[in-house]
Amino acid sequence: MRRRCFVNFNGKTVLVTGGTGSFGKNFVRKMLELDVRKVIVLSRDELKQYEMSQEFTDPRMRFFIGDVRDQERLNRAFDGVDIVVHAAALKHVTACEYNPFEAVRTNILGAQNVIDAAINRGVKRVIALSTDKAANPINLYGATKLASDKLFVAANSYVGDVGTKFSVVRYGNVVGSRGSVIPFFHKLRNSGRLPITDERMTRFWITLDQGVQFVQDCLGRMKGGEIFVPKIPSVKIVDLARLIAPNCRVEYVGIRPGEKLHEAMITEDDARKTVEFDNYFVIKPEYPVWLDEHESEYYGGVPLHERFSYSSHTNSHWLTDEEIIEYLGEYA
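Under numbering that gives the first Met the number 0, read the sequence shown as residues 0 to 331, first letter to last.
Read the hints as simulated data drawn from the structure, not as lab findings. Possibly wrong hints are sitting among the right ones.
So the derived label-pair ranges between C-beta atoms look like this [to be verified]:
1. Tyr286 - Arg220: 17 to 25 Å
2. Arg61 - Asn98: 49 to 57 Å
3. Tyr286 - Thr196: 32 to 40 Å
4. Glu322 - Glu198: 26 to 34 Å
5. Asp34 - His316: 30 to 38 Å
6. Gln209 - Lys123: 20 to 28 Å
7. Arg192 - His316: 30 to 38 Å
8. Pro58 - Arg199: 30 to 38 Å
In silico SDA-like pairs for lysine to any residue, Cα to Cα no more than 20 Å straight-line [as the list claims (entries may be wrong)]:
9. Lys29 - Gly219
10. Lys123 - His91
11. Lys272 - Gly300
12. Lys272 - Gly253
13. Lys11 - Arg61
Quick caveat: nothing in here was measured; it's all calculated off a predicted structure. We put the CB at the ideal spot given by N, CA and C, even for glycine.
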């Protein structure tokens, strides 16, 4: 029996850019539990698409080879699509620093291509995935994602009669995702040595299932122009290391270029236009010129107090050892 969702996906065609990644595969799996008409995966890696097609044999699946850098390919892929989740990005901090314009081409120019194709093809709703590194960015990856966020918010200003809505979801590190510190620590747990950048370092954490569910929920909430931020727990990196590899000797190697001690998802400047709900925040658009007076008040929520910021080291929710072990799953 297919699960019911508070968003009505019945008969809809859903497309995921970067759909062969960790988020994409999990999101596709959840979509196929609903009464969608079609689910399209767009990505540029034919091997990953082949492997995914062996796992997902549902007749509603479609696989498009393509790159968000290619405007014409997006125009073709978005034809007949109702909902787009934009997950494609270059995400590795060091790789982006070493290949800066490649990051710009994918994360910024690619974002604009997605926006233009969605408007050209009359897509109804688009949500772009962002990152905590987009708040007060100090590395190129974060800077490109901040620019992408700005593009998706501003896109609502020029949709005209098409009525496409664009919003952003921003969250922290995904537990066990490719490139995260958890599989790295797990790989070294038998080596006897574990390198850690700084004993003070903290991060936000969210599970893949939680991230997917939050995106689904926000597709239903969105009016266009919001940045949605979930309330998620923080963890100290040294605590992760201690629980994953208790027998390893820890060596502090210093913060890498482009790395922060702590991550933020809402800055003090953002907080002035942010409202709080039980389980999430909404950063409202600064220039909501596309919303009429009634719509601009729909958000509700509680305004944040002066000088509020949502940072991993000042978070009120910290994972206990037991919760960390539960989050780690196979990596514990």
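Cross-check of the supplied hints:
For Tyr286 paired with Arg220, a C-beta distance near 20 Å keeps the hint of 17 to 25 Å intact. Checking the proposed 49 to 57 Å range against Arg61 and Asn98 shows it is violated: the Cβ atoms sit about 30 Å from each other. Between Tyr286 and Thr196, the C-beta spacing of about 38 Å keeps the proposed range 32 to 40 Å intact. Our hint of 26 to 34 Å for Glu322 and Glu198 is violated, since their Cβ atoms are close to 20 Å apart.
Take Asp34 and His316: their Cβ atoms lie about 35 Å apart, and the range 30 to 38 Å holds. The given range of 20 to 28 Å is respected by Gln209 and Lys123, whose C-beta atoms sit roughly 25 Å from each other. Range check, Arg192 to His316: Cβ separation about 31 Å, and the 30 to 38 Å hint holds. The hinted range of 30 to 38 Å is not satisfied by Pro58 and Arg199, whose Cβ atoms lie roughly 52 Å apart.
A hinted pair counts as satisfied when its Cα atoms are at most 20 Å apart, and Lys29 with Gly219 qualifies at roughly 15 Å. Taking the CA atoms of Lys123 and His91, the gap is about 31 Å. The hint is violated against a cut of 20 Å. At most 20 Å may separate the alpha-carbon atoms for a hinted pair to count; Lys272 and Gly300 meet this at roughly 11 Å. Using a Cα cut-off of 20 Å, the hinted pair Lys272 and Gly253 is violated, with the two alpha carbons roughly 35 Å apart.
Restraint check for Lys11 and Arg61: satisfied, since their Cα atoms lie roughly 14 Å apart, inside the 20 Å limit.
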